[in-house]
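Undergrad: Start from the sequences, fold in the hints, and give me the full structure.
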Amino acid sequence: MASQEIADRTKAKVYIDPVAGKDEAPADGTEAAPYNSLYHALIQNLETTPAPTYLTLVPAKEGSSEGPKWEEPAKSAVKKAQGRVDAYKKKLAKEAAAASKEEEERQQRLKNLEDAKKIVLKEDESLPAAVRLKLNNKSVEFGTRVKVYGRIHRLRVQKQATFITLRDGYGFLQAILTGDLTKTYDALVFAQETSLVLYGEMKKVPEGAEAPDGRELHVDYYKVLGAAPSDLDAITNKVSREQDPWEASMLDSRHLVLRGENAAAVMKLRQYVELAFIDSYRELDFTKVSPPAMVQTQVEGGSTLFKYDYYGEEAYLTQSSQLYLETAIQSLGNVYCIEKSFRAERSLTRRHLSEYTHVEAELDFIEFEDLLEHIEDLISKVVDKILANETSAAILKQLNPTFEKPGPFLRMKYSDAIDWLNKQDPPILNEEGDPHVFGDDIAEAAERRMTDIINRPIFLYGFPADLKAFYMQKDKEDRRITESVDVLMPGVGEIVGGSMRMDNHEELLEAYKKEGISADPYYWYTDVRKYGSSPHGGYGLGLERFLAWMANQHTVRTACLYPRFMGRCKP
-3 MASQEIADRT
7 KAKVYIDPVA
17 GKDEAPADGT
27 EAAPYNSLYH
37 ALIQNLETTP
47 APTYLTLVPA
57 KEGSSEGPKW
67 EEPAKSAVKK
77 AQGRVDAYKK
87 KLAKEAAAAS
97 KEEEERQQRL
107 KNLEDAKKIV
117 LKEDESLPAA
127 VRLKLNNKSV
137 EFGTRVKVYG
147 RIHRLRVQKQ
157 ATFITLRDGY
167 GFLQAILTGD
177 LTKTYDALVF
187 AQETSLVLYG
197 EMKKVPEGAE
207 APDGRELHVD
217 YYKVLGAAPS
227 DLDAITNKVS
237 REQDPWEASM
247 LDSRHLVLRG
257 ENAAAVMKLR
267 QYVELAFIDS
277 YRELDFTKVS
287 PPAMVQTQVE
297 GGSTLFKYDY
307 YGEEAYLTQS
317 SQLYLETAIQ
327 SLGNVYCIEK
337 SFRAERSLTR
347 RHLSEYTHVE
357 AELDFIEFED
367 LLEHIEDLIS
377 KVVDKILANE
387 TSAAILKQLN
397 PTFEKPGPFL
407 RMKYSDAIDW
417 LNKQDPPILN
427 EEGDPHVFGD
437 DIAEAAERRM
447 TDIINRPIFL
457 YGFPADLKAF
467 YMQKDKEDRR
477 ITESVDVLMP
487 GVGEIVGGSM
497 RMDNHEELLE
507 AYKKEGISAD
517 PYYWYTDVRK
527 YGSSPHGGYG
537 LGLERFLAWM
547 ANQHTVRTAC
557 LYPRFMGRCK
567 P
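When you line the sequence shown up against the numbering used here, it's residues -3 to 567, in that order.
Distance windows between CB atoms, simulated:
| id | residue 1 | residue 2 | range |
| --- | --- | --- | --- |
| 1 | T140 | K87 | 56 to 62 Å |
| 2 | Y181 | S245 | 28 to 34 Å |
| 3 | P288 | P531 | 23 to 29 Å |
| 4 | D380 | N548 | 15 to 21 Å |
| 5 | T387 | D227 | 36 to 42 Å |
| 6 | A89 | D209 | 49 to 55 Å |
| 7 | G139 | P288 | 54 to 60 Å |
It is worth saying that the hints were derived from the structure and are not from the lab.
All C-beta atoms, glycine included, are put in the ideal place defined by N, C-alpha and C.
TA: Right under this line is the structure:
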(Lines of atoms letter the chains of each structure in order from A and count residues from 1; the text may use other names and numbers.)
(Lines give C-alpha, C1' and ligand atoms only; values in the text may rest on other atoms or scores of the structure.)
Protein backbone atom coordinates (compact mmCIF):
# COMPACT_ATOMS: atom_id res chain seq x y z
CA MET A 1 0.00 0.00 0.00
CA ALA A 2 2.86 2.35 0.82
CA SER A 3 4.37 1.71 -2.63
CA GLN A 4 1.00 2.43 -4.31
CA GLU A 5 0.65 5.68 -2.41
CA ILE A 6 4.14 6.75 -3.50
CA ALA A 7 3.31 5.87 -7.12
CA ASP A 8 0.06 7.85 -6.98
CA ARG A 9 1.91 10.84 -5.52
CA THR A 10 4.52 10.79 -8.29
CA LYS A 11 1.94 10.58 -11.10
CA ALA A 12 1.60 13.62 -13.29
CA LYS A 13 -1.47 15.70 -12.58
CA VAL A 14 -3.74 17.19 -15.24
CA TYR A 15 -6.05 20.01 -14.24
CA ILE A 16 -9.51 20.73 -15.65
CA ASP A 17 -11.50 23.90 -15.00
CA PRO A 18 -14.95 23.64 -16.65
CA VAL A 19 -15.46 27.38 -16.21
CA ALA A 20 -12.18 29.19 -16.91
CA GLY A 21 -10.17 26.43 -18.64
CA LYS A 22 -9.56 26.17 -22.40
CA ASP A 23 -9.31 23.27 -24.82
CA GLU A 24 -6.81 25.11 -26.98
CA ALA A 25 -3.42 26.76 -26.69
CA PRO A 26 -1.98 28.15 -24.48
CA ALA A 27 -3.75 25.74 -22.07
CA ASP A 28 -1.45 22.82 -21.22
CA GLY A 29 -3.30 21.09 -18.33
CA THR A 30 -1.24 22.61 -15.57
CA GLU A 31 -2.88 24.22 -12.57
CA ALA A 32 -1.97 27.62 -13.96
CA ALA A 33 -3.36 26.80 -17.43
CA PRO A 34 -6.04 24.11 -17.05
CA TYR A 35 -8.06 22.44 -19.79
CA ASN A 36 -11.80 23.01 -20.07
CA SER A 37 -13.02 19.42 -20.52
CA LEU A 38 -12.06 15.96 -19.29
CA TYR A 39 -12.46 14.61 -22.83
CA HIS A 40 -9.85 17.01 -24.19
CA ALA A 41 -7.52 16.21 -21.28
CA LEU A 42 -7.78 12.46 -22.02
CA ILE A 43 -7.11 13.04 -25.73
CA GLN A 44 -3.99 15.05 -24.97
CA ASN A 45 -2.60 12.25 -22.80
CA LEU A 46 -3.41 9.16 -24.88
CA GLU A 47 0.28 8.17 -25.04
CA THR A 48 1.23 9.25 -21.51
CA THR A 49 2.39 6.43 -19.20
CA PRO A 50 1.67 5.97 -16.47
CA ALA A 51 -1.73 7.59 -16.94
CA PRO A 52 -1.86 10.93 -15.11
CA THR A 53 -4.24 11.86 -12.33
CA TYR A 54 -7.05 14.08 -13.55
CA LEU A 55 -8.30 16.79 -11.21
CA THR A 56 -11.40 18.90 -11.80
CA LEU A 57 -11.97 22.23 -10.09
CA VAL A 58 -15.12 21.92 -7.99
CA PRO A 59 -16.73 25.24 -6.97
CA ALA A 60 -17.28 25.95 -3.30
CA LYS A 61 -20.63 24.90 -1.90
CA GLU A 62 -23.04 27.68 -1.11
CA GLY A 63 -22.63 28.89 2.45
CA SER A 64 -19.28 27.09 2.90
CA SER A 65 -16.23 28.96 4.12
CA GLU A 66 -13.97 26.79 1.96
CA GLY A 67 -13.02 27.94 -1.52
CA PRO A 68 -13.05 25.87 -4.76
CA LYS A 69 -10.86 22.77 -4.69
CA TRP A 70 -9.35 20.24 -7.08
CA GLU A 71 -10.95 16.78 -6.95
CA GLU A 72 -10.87 13.67 -9.08
CA PRO A 73 -13.87 13.62 -11.47
CA ALA A 74 -16.89 11.45 -10.73
CA LYS A 75 -16.90 7.94 -12.18
CA SER A 76 -19.91 8.80 -14.38
CA ALA A 77 -18.02 11.75 -15.87
CA VAL A 78 -14.97 9.57 -16.49
CA LYS A 79 -17.10 6.89 -18.16
CA LYS A 80 -18.80 9.41 -20.44
CA ALA A 81 -15.51 11.05 -21.43
CA GLN A 82 -13.83 7.67 -21.95
CA GLY A 83 -16.65 6.64 -24.27
CA ARG A 84 -15.95 9.64 -26.47
CA VAL A 85 -12.22 8.89 -26.35
CA ASP A 86 -12.83 5.29 -27.47
CA ALA A 87 -14.88 6.58 -30.41
CA TYR A 88 -12.05 8.99 -31.24
CA LYS A 89 -9.53 6.11 -31.18
CA LYS A 90 -11.69 4.11 -33.58
CA LYS A 91 -11.85 7.11 -35.90
CA LEU A 92 -8.06 7.45 -35.79
CA ALA A 93 -7.66 3.74 -36.51
CA LYS A 94 -10.08 3.98 -39.43
CA GLU A 95 -8.26 7.00 -40.86
CA ALA A 96 -4.93 5.25 -40.45
CA ALA A 97 -6.25 2.17 -42.27
CA ALA A 98 -7.65 4.35 -45.05
CA ALA A 99 -4.37 6.24 -45.35
CA SER A 100 -2.47 2.96 -45.45
CA LYS A 101 -4.78 1.64 -48.17
CA GLU A 102 -4.49 4.88 -50.12
CA GLU A 103 -0.71 4.69 -49.92
CA GLU A 104 -0.79 1.08 -51.09
CA GLU A 105 -3.00 2.08 -54.02
CA ARG A 106 -0.71 5.01 -54.79
CA GLN A 107 2.30 2.74 -54.84
CA GLN A 108 0.40 0.31 -57.04
CA ARG A 109 -0.55 3.13 -59.42
CA LEU A 110 3.07 4.21 -59.61
CA LYS A 111 4.06 0.63 -60.35
CA ASN A 112 1.34 0.35 -62.99
CA LEU A 113 2.51 3.58 -64.58
CA GLU A 114 6.09 2.32 -64.67
CA ASP A 115 4.95 -0.99 -66.15
CA ALA A 116 2.75 0.89 -68.64
CA LYS A 117 5.77 2.75 -69.98
CA LYS A 118 7.03 -0.60 -71.27
CA ILE A 119 3.99 -1.00 -73.52
CA VAL A 120 4.74 0.55 -76.91
CA LEU A 121 1.95 0.84 -79.48
CA LYS A 122 2.64 0.25 -83.15
CA GLU A 123 0.27 0.80 -86.02
CA ASP A 124 -0.68 -2.42 -87.79
CA GLU A 125 0.61 -1.88 -91.31
CA SER A 126 -1.55 -4.73 -92.63
CA LEU A 127 -4.69 -2.67 -92.00
CA PRO A 128 -6.15 -0.47 -94.76
CA ALA A 129 -4.80 3.08 -95.00
CA ALA A 130 -6.85 5.40 -92.80
CA VAL A 131 -8.96 8.12 -94.39
CA ARG A 132 -8.66 11.46 -92.58
CA LEU A 133 -11.94 13.18 -91.80
CA LYS A 134 -13.43 15.95 -89.71
CA LEU A 135 -16.05 14.93 -87.20
CA ASN A 136 -18.86 16.74 -89.04
CA ASN A 137 -18.29 14.46 -92.05
CA LYS A 138 -21.19 12.02 -91.82
CA SER A 139 -20.85 10.58 -95.30
CA VAL A 140 -18.15 8.02 -94.46
CA GLU A 141 -19.42 4.45 -94.71
CA PHE A 142 -19.45 2.10 -91.76
CA GLY A 143 -16.53 -0.29 -91.94
CA THR A 144 -14.15 2.39 -93.23
CA ARG A 145 -10.85 2.81 -91.39
CA VAL A 146 -10.44 6.50 -90.56
CA LYS A 147 -8.04 8.90 -88.88
CA VAL A 148 -9.49 11.66 -86.71
CA TYR A 149 -7.93 14.47 -84.70
CA GLY A 150 -9.45 16.08 -81.65
CA ARG A 151 -9.48 16.59 -77.90
CA ILE A 152 -11.00 14.50 -75.15
CA HIS A 153 -14.31 16.14 -74.33
CA ARG A 154 -15.54 13.39 -72.04
CA LEU A 155 -13.76 10.37 -70.60
CA ARG A 156 -15.18 7.17 -69.10
CA VAL A 157 -12.75 4.48 -67.96
CA GLN A 158 -14.04 0.95 -67.37
CA LYS A 159 -12.25 -2.27 -66.48
CA GLN A 160 -12.13 -3.65 -70.02
CA ALA A 161 -12.50 -0.49 -72.13
CA THR A 162 -12.02 3.26 -72.21
CA PHE A 163 -14.73 5.40 -73.79
CA ILE A 164 -13.75 8.80 -75.19
CA THR A 165 -15.99 11.51 -76.61
CA LEU A 166 -13.73 13.32 -79.05
CA ARG A 167 -14.24 16.98 -80.03
CA ASP A 168 -12.52 18.70 -82.97
CA GLY A 169 -14.46 21.97 -83.23
CA TYR A 170 -16.66 20.56 -86.01
CA GLY A 171 -18.45 17.80 -84.15
CA PHE A 172 -18.26 14.97 -81.62
CA LEU A 173 -17.41 11.28 -81.96
CA GLN A 174 -17.47 8.40 -79.49
CA ALA A 175 -14.30 6.29 -79.57
CA ILE A 176 -13.67 2.96 -77.82
CA LEU A 177 -10.23 1.73 -76.74
CA THR A 178 -9.68 -1.87 -75.62
CA GLY A 179 -6.82 -4.26 -74.86
CA ASP A 180 -3.29 -2.84 -74.74
CA LEU A 181 -4.63 0.50 -75.97
CA THR A 182 -5.98 1.07 -72.44
CA LYS A 183 -2.82 -0.07 -70.67
CA THR A 184 -0.22 2.37 -72.01
CA TYR A 185 1.17 5.16 -69.89
CA ASP A 186 -0.66 7.73 -72.05
CA ALA A 187 -3.97 5.92 -71.58
CA LEU A 188 -3.57 5.75 -67.80
CA VAL A 189 -3.05 9.52 -67.58
CA PHE A 190 -5.74 10.53 -70.09
CA ALA A 191 -7.51 13.73 -69.00
CA GLN A 192 -10.19 15.98 -70.40
CA GLU A 193 -8.74 18.22 -73.16
CA THR A 194 -5.87 15.86 -74.05
CA SER A 195 -5.35 16.24 -77.81
CA LEU A 196 -4.72 13.14 -79.87
CA VAL A 197 -5.11 11.41 -83.21
CA LEU A 198 -7.13 8.20 -83.35
CA TYR A 199 -7.12 5.48 -85.99
CA GLY A 200 -9.84 2.87 -86.25
CA GLU A 201 -12.91 1.46 -87.92
CA MET A 202 -16.12 3.49 -88.01
CA LYS A 203 -19.07 1.40 -86.86
CA LYS A 204 -22.75 1.85 -86.21
CA VAL A 205 -23.71 2.10 -82.54
CA PRO A 206 -25.27 -1.16 -81.25
CA GLU A 207 -29.04 -1.31 -80.93
CA GLY A 208 -30.20 0.44 -77.77
CA ALA A 209 -26.94 2.37 -77.27
CA GLU A 210 -26.50 6.09 -77.87
CA ALA A 211 -23.60 8.12 -79.25
CA PRO A 212 -23.22 11.31 -81.33
CA ASP A 213 -24.59 10.73 -84.85
CA GLY A 214 -25.28 7.09 -83.98
CA ARG A 215 -21.73 5.94 -84.69
CA GLU A 216 -18.55 5.06 -82.84
CA LEU A 217 -14.90 4.56 -83.65
CA HIS A 218 -13.31 1.24 -82.69
CA VAL A 219 -9.72 2.38 -82.19
CA ASP A 220 -6.77 0.25 -83.31
CA TYR A 221 -4.02 2.85 -82.82
CA TYR A 222 -3.56 6.36 -81.43
CA LYS A 223 -1.00 9.03 -80.62
CA VAL A 224 -1.17 11.66 -77.90
CA LEU A 225 -0.30 15.05 -79.39
CA GLY A 226 -0.69 17.17 -76.27
CA ALA A 227 -1.37 15.99 -72.73
CA ALA A 228 -3.65 17.86 -70.33
CA PRO A 229 -3.39 17.93 -66.52
CA SER A 230 -5.64 15.70 -64.44
CA ASP A 231 -4.75 17.01 -60.99
CA LEU A 232 -5.61 20.37 -59.43
CA ASP A 233 -4.93 22.05 -62.77
CA ALA A 234 -7.58 19.95 -64.55
CA ILE A 235 -9.91 22.08 -66.69
CA THR A 236 -12.88 20.93 -64.60
CA ASN A 237 -11.28 22.67 -61.61
CA LYS A 238 -10.87 25.87 -63.60
CA VAL A 239 -14.29 26.40 -65.19
CA SER A 240 -17.76 24.92 -64.95
CA ARG A 241 -20.95 25.29 -66.94
CA GLU A 242 -22.77 25.85 -63.65
CA GLN A 243 -20.68 28.93 -62.83
CA ASP A 244 -22.03 32.42 -63.39
CA PRO A 245 -20.46 33.83 -66.60
CA TRP A 246 -20.17 37.18 -64.81
CA GLU A 247 -17.72 35.80 -62.26
CA ALA A 248 -14.24 37.27 -62.55
CA SER A 249 -12.73 33.78 -62.69
CA MET A 250 -14.95 32.91 -65.65
CA LEU A 251 -14.06 36.12 -67.46
CA ASP A 252 -10.37 35.50 -66.78
CA SER A 253 -10.73 31.92 -68.03
CA ARG A 254 -12.80 32.71 -71.12
CA HIS A 255 -10.19 30.93 -73.26
CA LEU A 256 -11.15 27.72 -71.43
CA VAL A 257 -14.87 28.48 -71.20
CA LEU A 258 -14.95 28.58 -75.01
CA ARG A 259 -14.22 24.84 -75.04
CA GLY A 260 -17.62 24.14 -73.49
CA GLU A 261 -20.55 23.05 -75.61
CA ASN A 262 -22.72 26.08 -74.81
CA ALA A 263 -20.04 28.72 -75.43
CA ALA A 264 -18.92 27.04 -78.67
CA ALA A 265 -22.53 26.76 -79.88
CA VAL A 266 -23.12 30.47 -79.25
CA MET A 267 -19.98 31.37 -81.22
CA LYS A 268 -21.07 29.15 -84.12
CA LEU A 269 -24.59 30.60 -84.11
CA ARG A 270 -23.07 34.08 -84.10
CA GLN A 271 -21.33 33.31 -87.38
CA TYR A 272 -24.59 32.19 -88.99
CA VAL A 273 -26.46 35.24 -87.69
CA GLU A 274 -23.85 37.59 -89.12
CA LEU A 275 -23.91 35.78 -92.46
CA ALA A 276 -27.73 35.95 -92.43
CA PHE A 277 -27.55 39.73 -92.07
CA ILE A 278 -25.05 39.97 -94.92
CA ASP A 279 -27.18 37.77 -97.20
CA SER A 280 -30.34 39.70 -96.30
CA TYR A 281 -28.74 43.03 -97.10
CA ARG A 282 -27.47 41.61 -100.39
CA GLU A 283 -31.00 40.50 -101.28
CA LEU A 284 -32.31 43.96 -100.34
CA ASP A 285 -29.70 45.56 -102.64
CA PHE A 286 -27.75 47.33 -99.89
CA THR A 287 -24.07 48.20 -100.41
CA LYS A 288 -21.61 47.25 -97.68
CA VAL A 289 -19.16 49.95 -96.57
CA SER A 290 -16.42 50.09 -93.93
CA PRO A 291 -16.44 53.36 -91.94
CA PRO A 292 -13.52 54.33 -89.68
CA ALA A 293 -13.27 53.40 -86.01
CA MET A 294 -10.98 56.37 -85.15
CA VAL A 295 -13.06 59.54 -85.29
CA GLN A 296 -13.27 63.15 -84.09
CA THR A 297 -17.04 63.36 -83.76
CA GLN A 298 -19.65 62.10 -81.32
CA VAL A 299 -22.94 60.39 -82.11
CA GLU A 300 -24.48 59.34 -78.80
CA GLY A 301 -23.22 62.05 -76.43
CA GLY A 302 -19.79 63.04 -75.12
CA SER A 303 -20.08 61.21 -71.80
CA THR A 304 -19.69 57.80 -73.42
CA LEU A 305 -16.71 58.58 -75.65
CA PHE A 306 -13.41 56.74 -75.38
CA LYS A 307 -10.86 59.53 -75.84
CA TYR A 308 -7.25 59.17 -76.98
CA ASP A 309 -4.47 61.33 -78.36
CA TYR A 310 -4.20 61.26 -82.15
CA TYR A 311 -0.78 62.82 -82.89
CA GLY A 312 -1.53 65.78 -80.66
CA GLU A 313 -5.23 66.05 -81.49
CA GLU A 314 -8.14 64.77 -79.42
CA ALA A 315 -9.88 61.82 -81.04
CA TYR A 316 -12.28 59.05 -80.07
CA LEU A 317 -13.19 55.45 -80.72
CA THR A 318 -16.42 55.50 -82.69
CA GLN A 319 -19.75 55.22 -80.90
CA SER A 320 -21.51 54.49 -84.18
CA SER A 321 -20.79 54.53 -87.91
CA GLN A 322 -24.11 56.21 -88.64
CA LEU A 323 -22.78 59.64 -89.58
CA TYR A 324 -20.41 58.13 -92.12
CA LEU A 325 -23.13 55.92 -93.57
CA GLU A 326 -25.25 59.02 -94.15
CA THR A 327 -22.54 60.44 -96.41
CA ALA A 328 -22.55 57.33 -98.63
CA ILE A 329 -26.23 56.93 -99.54
CA GLN A 330 -26.11 59.77 -102.11
CA SER A 331 -23.78 57.79 -104.38
CA LEU A 332 -24.24 54.17 -103.26
CA GLY A 333 -27.93 53.99 -102.44
CA ASN A 334 -28.91 52.18 -99.26
CA VAL A 335 -25.83 51.13 -97.32
CA TYR A 336 -24.89 49.05 -94.27
CA CYS A 337 -21.88 48.06 -92.22
CA ILE A 338 -21.03 45.50 -89.56
CA GLU A 339 -18.27 47.09 -87.51
CA LYS A 340 -17.11 47.56 -83.92
CA SER A 341 -18.53 50.39 -81.83
CA PHE A 342 -17.38 51.57 -78.41
CA ARG A 343 -19.27 53.09 -75.48
CA ALA A 344 -17.52 54.32 -72.33
CA GLU A 345 -20.42 53.44 -70.04
CA ARG A 346 -19.44 52.28 -66.57
CA SER A 347 -22.40 49.91 -66.48
CA LEU A 348 -21.95 46.34 -65.34
CA THR A 349 -25.30 45.01 -66.52
CA ARG A 350 -26.23 41.97 -68.52
CA ARG A 351 -26.92 44.03 -71.63
CA HIS A 352 -23.99 46.48 -71.65
CA LEU A 353 -20.71 46.08 -73.50
CA SER A 354 -17.94 48.64 -73.89
CA GLU A 355 -17.01 47.15 -77.26
CA TYR A 356 -19.61 45.45 -79.41
CA THR A 357 -20.44 44.50 -82.98
CA HIS A 358 -22.76 47.06 -84.54
CA VAL A 359 -25.01 46.25 -87.48
CA GLU A 360 -25.98 49.64 -88.94
CA ALA A 361 -27.80 50.76 -92.06
CA GLU A 362 -28.99 53.97 -93.70
CA LEU A 363 -31.83 54.21 -96.21
CA ASP A 364 -32.39 57.11 -98.62
CA PHE A 365 -35.69 58.59 -99.83
CA ILE A 366 -37.91 57.01 -97.18
CA GLU A 367 -40.60 57.96 -94.68
CA PHE A 368 -40.74 56.84 -91.05
CA GLU A 369 -43.22 54.04 -91.80
CA ASP A 370 -40.85 52.72 -94.51
CA LEU A 371 -38.11 52.51 -91.89
CA LEU A 372 -40.31 50.48 -89.51
CA GLU A 373 -41.38 48.09 -92.25
CA HIS A 374 -37.77 47.58 -93.34
CA ILE A 375 -36.56 46.77 -89.82
CA GLU A 376 -39.33 44.22 -89.29
CA ASP A 377 -38.65 42.70 -92.70
CA LEU A 378 -34.91 42.48 -92.03
CA ILE A 379 -35.31 40.75 -88.66
CA SER A 380 -37.80 38.31 -90.19
CA LYS A 381 -35.42 37.54 -93.05
CA VAL A 382 -32.51 36.86 -90.68
CA VAL A 383 -34.62 34.55 -88.51
CA ASP A 384 -35.94 32.73 -91.58
CA LYS A 385 -32.41 32.10 -92.83
CA ILE A 386 -31.26 30.72 -89.48
CA LEU A 387 -34.25 28.37 -89.30
CA ALA A 388 -33.91 27.30 -92.94
CA ASN A 389 -30.28 26.25 -92.56
CA GLU A 390 -30.06 22.71 -91.14
CA THR A 391 -26.84 23.37 -89.18
CA SER A 392 -27.77 26.76 -87.71
CA ALA A 393 -31.29 25.57 -86.90
CA ALA A 394 -29.85 22.61 -84.96
CA ILE A 395 -27.49 24.92 -83.01
CA LEU A 396 -30.36 27.29 -82.22
CA LYS A 397 -32.52 24.40 -81.03
CA GLN A 398 -29.67 23.23 -78.80
CA LEU A 399 -29.40 26.69 -77.21
CA ASN A 400 -33.07 27.69 -77.21
CA PRO A 401 -35.38 24.73 -77.83
CA THR A 402 -38.56 26.84 -77.58
CA PHE A 403 -37.51 29.59 -80.02
CA GLU A 404 -40.16 30.61 -82.53
CA LYS A 405 -40.14 33.24 -85.23
CA PRO A 406 -41.68 36.41 -83.78
CA GLY A 407 -45.12 37.40 -84.99
CA PRO A 408 -46.16 40.86 -86.27
CA PHE A 409 -44.49 43.71 -84.38
CA LEU A 410 -46.71 45.79 -82.14
CA ARG A 411 -46.50 49.55 -82.69
CA MET A 412 -46.64 51.55 -79.45
CA LYS A 413 -46.12 55.27 -78.97
CA TYR A 414 -43.83 56.42 -76.17
CA SER A 415 -46.77 58.34 -74.62
CA ASP A 416 -48.94 55.20 -74.77
CA ALA A 417 -46.16 53.23 -73.05
CA ILE A 418 -46.16 55.80 -70.23
CA ASP A 419 -49.92 55.32 -69.83
CA TRP A 420 -49.58 51.52 -69.97
CA LEU A 421 -46.96 51.47 -67.22
CA ASN A 422 -49.11 53.66 -64.96
CA LYS A 423 -52.25 51.58 -65.53
CA GLN A 424 -50.73 48.35 -64.27
CA ASP A 425 -51.83 47.05 -60.86
CA PRO A 426 -49.66 47.98 -59.11
CA PRO A 427 -48.18 50.64 -61.42
CA ILE A 428 -44.69 50.04 -62.80
CA LEU A 429 -42.79 53.00 -61.34
CA ASN A 430 -39.84 55.00 -62.65
CA GLU A 431 -36.35 54.86 -61.16
CA GLU A 432 -37.29 57.45 -58.51
CA GLY A 433 -40.17 55.26 -57.35
CA ASP A 434 -42.83 57.57 -58.82
CA PRO A 435 -45.42 57.06 -61.59
CA HIS A 436 -44.01 57.68 -65.06
CA VAL A 437 -44.59 61.07 -66.67
CA PHE A 438 -43.99 62.35 -70.19
CA GLY A 439 -40.30 63.14 -70.47
CA ASP A 440 -39.10 60.19 -68.36
CA ASP A 441 -36.37 58.04 -69.85
CA ILE A 442 -38.09 54.68 -69.35
CA ALA A 443 -35.63 52.52 -67.45
CA GLU A 444 -34.45 49.16 -68.74
CA ALA A 445 -36.24 47.22 -65.98
CA ALA A 446 -39.62 48.86 -66.67
CA GLU A 447 -39.15 48.56 -70.42
CA ARG A 448 -38.29 44.87 -70.20
CA ARG A 449 -41.15 44.12 -67.81
CA MET A 450 -43.60 45.75 -70.19
CA THR A 451 -42.21 43.81 -73.14
CA ASP A 452 -42.27 40.50 -71.26
CA ILE A 453 -45.89 41.04 -70.15
CA ILE A 454 -47.08 41.97 -73.64
CA ASN A 455 -44.88 39.13 -74.98
CA ARG A 456 -44.55 40.50 -78.49
CA PRO A 457 -41.89 42.40 -80.40
CA ILE A 458 -42.64 46.10 -79.93
CA PHE A 459 -41.85 49.15 -82.04
CA LEU A 460 -41.65 51.78 -79.28
CA TYR A 461 -41.61 55.10 -81.14
CA GLY A 462 -42.12 58.84 -80.77
CA PHE A 463 -39.59 59.59 -78.00
CA PRO A 464 -39.25 63.15 -76.65
CA ALA A 465 -36.54 65.13 -78.43
CA ASP A 466 -34.76 65.83 -75.14
CA LEU A 467 -34.13 62.09 -74.68
CA LYS A 468 -32.67 61.47 -78.12
CA ALA A 469 -29.59 62.41 -80.14
CA PHE A 470 -29.29 65.83 -81.77
CA TYR A 471 -29.54 64.55 -85.35
CA MET A 472 -32.97 62.88 -85.06
CA GLN A 473 -35.83 64.28 -87.14
CA LYS A 474 -38.63 65.88 -85.16
CA ASP A 475 -42.23 64.90 -85.77
CA LYS A 476 -43.88 67.37 -88.14
CA GLU A 477 -47.13 67.39 -86.15
CA ASP A 478 -45.64 67.40 -82.65
CA ARG A 479 -42.22 69.09 -82.43
CA ARG A 480 -41.78 67.78 -78.86
CA ILE A 481 -41.11 64.30 -80.14
CA THR A 482 -38.84 62.65 -82.70
CA GLU A 483 -39.38 60.15 -85.48
CA SER A 484 -37.39 57.60 -83.53
CA VAL A 485 -37.90 53.96 -82.64
CA ASP A 486 -36.57 51.24 -80.34
CA VAL A 487 -37.27 47.60 -81.13
CA LEU A 488 -38.00 45.66 -77.93
CA MET A 489 -37.91 41.87 -77.74
CA PRO A 490 -39.30 39.70 -74.92
CA GLY A 491 -36.57 38.37 -72.67
CA VAL A 492 -33.88 40.85 -73.66
CA GLY A 493 -35.40 44.31 -74.20
CA GLU A 494 -34.04 46.75 -76.76
CA ILE A 495 -32.13 45.24 -79.69
CA VAL A 496 -32.51 48.02 -82.30
CA GLY A 497 -32.49 51.80 -82.12
CA GLY A 498 -33.30 53.94 -85.18
CA SER A 499 -34.75 57.18 -86.46
CA MET A 500 -35.30 59.45 -89.37
CA ARG A 501 -32.39 61.84 -89.68
CA MET A 502 -32.62 65.62 -89.57
CA ASP A 503 -32.49 66.75 -93.23
CA ASN A 504 -32.71 70.55 -92.90
CA HIS A 505 -29.38 72.40 -93.02
CA GLU A 506 -30.34 75.28 -90.74
CA GLU A 507 -32.12 73.01 -88.27
CA LEU A 508 -28.98 70.85 -87.96
CA LEU A 509 -26.80 73.90 -87.27
CA GLU A 510 -29.22 74.92 -84.54
CA ALA A 511 -29.06 71.38 -83.10
CA TYR A 512 -25.26 71.67 -82.83
CA LYS A 513 -25.65 74.85 -80.78
CA LYS A 514 -28.29 73.34 -78.51
CA GLU A 515 -26.06 70.33 -77.90
CA GLY A 516 -23.12 72.59 -77.10
CA ILE A 517 -20.82 71.10 -79.72
CA SER A 518 -18.84 72.82 -82.44
CA ALA A 519 -20.06 72.38 -86.00
CA ASP A 520 -16.50 72.54 -87.35
CA PRO A 521 -15.58 68.83 -86.95
CA TYR A 522 -18.95 67.96 -88.53
CA TYR A 523 -18.50 70.05 -91.68
CA TRP A 524 -18.67 66.95 -93.87
CA TYR A 525 -21.82 65.73 -92.11
CA THR A 526 -23.41 69.17 -92.44
CA ASP A 527 -22.63 69.19 -96.17
CA VAL A 528 -24.97 66.22 -96.59
CA ARG A 529 -27.83 68.67 -95.91
CA LYS A 530 -26.26 71.44 -97.95
CA TYR A 531 -25.82 69.49 -101.17
CA GLY A 532 -29.11 67.88 -102.13
CA SER A 533 -30.69 66.83 -98.84
CA SER A 534 -33.29 64.07 -98.82
CA PRO A 535 -35.59 62.32 -96.34
CA HIS A 536 -33.53 59.45 -94.97
CA GLY A 537 -33.23 57.30 -91.89
CA GLY A 538 -31.35 54.43 -90.35
CA TYR A 539 -30.76 52.24 -87.34
CA GLY A 540 -28.22 50.35 -85.31
CA LEU A 541 -28.51 46.80 -84.02
CA GLY A 542 -26.21 45.26 -81.41
CA LEU A 543 -25.28 41.83 -82.75
CA GLU A 544 -24.58 40.50 -79.24
CA ARG A 545 -28.03 41.56 -77.98
CA PHE A 546 -29.69 40.06 -81.04
CA LEU A 547 -27.84 36.82 -80.44
CA ALA A 548 -28.68 36.85 -76.72
CA TRP A 549 -32.35 37.15 -77.70
CA MET A 550 -32.26 34.29 -80.21
CA ALA A 551 -30.09 31.96 -78.12
CA ASN A 552 -31.85 32.79 -74.82
CA GLN A 553 -28.61 33.82 -73.14
CA HIS A 554 -28.57 35.40 -69.68
CA THR A 555 -26.07 38.08 -70.68
CA VAL A 556 -24.67 39.60 -73.87
CA ARG A 557 -21.19 38.65 -72.64
CA THR A 558 -21.76 35.04 -73.64
CA ALA A 559 -22.10 36.26 -77.23
CA CYS A 560 -18.55 37.68 -77.16
CA LEU A 561 -15.37 35.80 -77.91
CA TYR A 562 -13.47 37.64 -75.16
CA PRO A 563 -15.81 39.74 -73.01
CA ARG A 564 -13.45 40.76 -70.21
CA PHE A 565 -12.35 44.06 -71.76
CA MET A 566 -15.58 44.24 -73.74
CA GLY A 567 -17.90 44.36 -70.81
CA ARG A 568 -16.26 44.21 -67.41
CA CYS A 569 -16.09 47.61 -65.73
CA LYS A 570 -13.71 48.18 -62.86
CA PRO A 571 -15.22 49.73 -59.72
